[in-house]
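> Residue numbers (numbering that gives the first Met the number 0), protein chains in the order written: chain L, 0 to 259; chain A, 0 to 356.
Treat each hint with caution, since some may be false.
[Said to hold, decoys possible] Label pairs and their calculated CB-CB ranges: (1) A:I139 to L:K122: 39 to 47 Å; (2) L:A177 to A:I31: 42 to 50 Å; (3) L:G81 to A:W131: 56 to 64 Å; (4) L:K122 to A:A215: 19 to 27 Å; (5) L:G81 to A:V238: 15 to 23 Å; (6) L:G73 to A:I139: 41 to 49 Å; (7) A:W131 to L:P115: 33 to 41 Å; (8) A:T300 to L:E79: 24 to 32 Å; (9) A:G338 to L:G180: 42 to 50 Å; (10) A:E282 to L:P115: 27 to 35 Å; (11) L:E9 to A:R249: 30 to 38 Å; (12) L:E9 to A:V142: 57 to 65 Å; (13) A:T146 to L:E68: 45 to 53 Å.
Source of the hints: derived by calculation from the structure; they are not laboratory data. Note that the structure is a prediction, hence the values are computed from the model and not measured. Using N, Cα and C, we set each Cβ at its ideal position, and we do this for glycine too.
Below are the chains, spelled out letter by letter.
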Amino acid sequence: MSDDFVLRTENLTKHYGGVHALEGANFELRKGEHVAIMGDNGAGKSTFVRQITGVEQRTNGRVWLYGEEVNFSGPLEAREYGVETVFQTLALADDLDVPDNLFLGRERTYANWLGPFRLLDYKAMRQSTLDALNRTGVKIPNIRNTIQNMSGGQRQCVAIARTATFHSKLTIMDEPTAALGVQETAQVENIIRTLKEEGEPLILISHNMRQVMDLVDRIIVFRRGRICANLKKEETNGEDVVAYITGAKTQKEYMVENAT
Amino acid sequence: MADTSQGTGGLTFDNSKRSWPNELNILLALIIIIAIFELVGQTFPYMNGQSFLFDTNDRFDSIFNEARLQIIVLQVAIIGIIALGVTQVIITGGIDLSSGPLVAATAMVAMSFAQTELVNGNPNPKALFGVWAMDLPVVIPIVVGLTFGAFIGAINGTFIAYFRIPPFIATLGMFLICRGIALLWSNGQPVSFPTESFKFLGSGMMPVVWFLALAAVFHIILRFTVYGKHTYAIGSNEVAARMSGINVRRHKVMVYMIASMLAAFAGIVLSSKGATAQAGMGEFYELFAIAMAVIGGISLTGGRGSIIGTVLGAMVIGVIRSGFTYVKLDGAYQLVAMGAIIIAAVVLDQYRQRNRA
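The task is simple: from the sequences and hints, build the whole structure.
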């Protein structure tokens, strides 16, 4: 196995009782690569992500991250390993401000001998927040504002900036712009481009064809729990992708005999 | 605006842009309430021009009526200590109903180890244990009492965090259990005659000293430590807190333990103040503690509020109690007024939230 892979899955399978939500997914992500996952609702996109991030335990299959086989027992473990996920439902604490949210669970502290009562280093966290926001080009009027006073786009940017701050090994975004307006979407897309420039690998789940074509190198199409296409952006177009999504086409190597 | 990389403004950190703190509103309310009492005192003839807060005896060395000020803080200090813990519990989105009976139970338990052997040369008539438990150093009843509180809090927290019992139910059960323990401890008999050093803990203005000192400590803890930040985070969005790597369950157990230890400490101070412990002590303390927190702007949905708010909330209750006595109105009016203020506080809080969103 080459060390070039950030993420590799083999025969990744998830059954919910009798429902085969994900069936034999073989997936590869190389260093610095941005890959989009597309497919209809219920095609298995989110299920696939949930198996990788440890939110659910897979029925079958193996997962490697940077050549190392991993079995995350929960999302925390995945996060500690460096897999950051930006969820559809934002995981932000509404009553806290931007630096608090960015550093939630991994605060900069001093006087660590005080255990749970160790002191917060507000100044350092504020500075790192400003640096991270500058780096990702996120504009937020006042970082001391609590999250509840922010627009959807600003919230999403904070959530994404969080992954960028900690130089995650793998970033996964589950429909990051689904609920955003045009300008906010553009802002999020700019951050994704910044991540690309910095060579940080990304998996993007999206329904937005233009966005996918704009941002990623490769498109994986899921249909009815299976991967049905692995397309290089240069070799495909929107119509083609739609054909795969709807089931009009299936790539030869992903053909399965109907007898299962 | 054409440049899509622009958001709504510049990237700044501006201290002056911080929003109007909620605590100022409560302070304002407190001043208004005091002003109303002052006005009533000056206007109504039956008051003989007495002043609520200011000195009327023309003693040249004082401006305020210190006796009244002392009473105002003294009568809320012990419940205020409980409220400091309840505040933290409410910030996590929970509630603690068990604190009142816990005050009684802890008072009984602690007092049992604080008794003195000889009362006026005679054996202690209320002696619960043998001579081995008499005339112990004052640390022992304190440690025993706090340990008991921590134990009760750990049970509360464990059932709430690990068995997912709603906080209201878990602490309601503990409410009854603690009252039962208080009654069982000495078969309903009061435990009395503590040592001099134990009596000192609640003598004079000591309850106020404890209250303000603990308020300062917990203000710093909630504002400047990881414990505080995680407490707010859990109340604000528990799922987000868990996803961020906070051990939510362990943290909740810790919060309930601290709250119960504060209630236990209030029980120690209360029994010391009265030099006796009775099973019926601390009645309605849990509700007044919650009321102080709510008046102080602690949101019952969690995530918002501060210790300063709770201290101000305690002052509001103290001023109302003292003020109604001052204007010579019956205690029943006090309860009506306090109830109205609690409801008003919550209504205002919700109104503010809706406006902000």
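> Please go over all the hints and tell whether each is borne out by the structure.
Going through the hints against the structure:
1. Range check, I139 (chain A) to K122 (chain L): Cβ separation about 43 Å, and the 39 to 47 Å hint holds.
2. Taking 42 to 50 Å as the suggested C-beta distance range, the pair A177 (chain L) and I31 (chain A) conforms, at roughly 48 Å.
3. Between G81 (chain L) and W131 (chain A) the beta carbon distance is about 59 Å. The supplied range of 56 to 64 Å therefore holds.
4. Hint check: K122 (chain L) to A215 (chain A), Cβ distance near 22 Å, so the stated range 19 to 27 Å holds.
5. For the pair G81 (chain L) and V238 (chain A), the supplied restraint of 15 to 23 Å holds, since their beta-carbon distance comes to about 21 Å.
6. Restraint check, G73 (chain L) to I139 (chain A): a C-beta distance of roughly 44 Å satisfies the suggested window 41 to 49 Å.
7. Between W131 (chain A) and P115 (chain L), the C-beta spacing of about 36 Å keeps the proposed range 33 to 41 Å intact.
8. Look at T300 (chain A) against E79 (chain L): about 30 Å separates their beta carbons, and that is inside 24 to 32 Å.
9. The given range of 42 to 50 Å is respected by G338 (chain A) and G180 (chain L), whose C-beta atoms sit roughly 46 Å from each other.
10. In this structure, E282 (chain A) and P115 (chain L) meet the distance hint of 27 to 35 Å, their C-beta atoms being roughly 33 Å apart.
11. For E9 (chain L) paired with R249 (chain A), a C-beta distance near 36 Å keeps the hint of 30 to 38 Å intact.
12. Checked against the hint of 57 to 65 Å, the pair E9 (chain L) and V142 (chain A) passes, with Cβ atoms roughly 58 Å apart.
13. At roughly 47 Å, the beta carbons of T146 (chain A) and E68 (chain L) sit within the given window of 45 to 53 Å.
Comparing the model with each numbered hint stated earlier shows that all of them hold.
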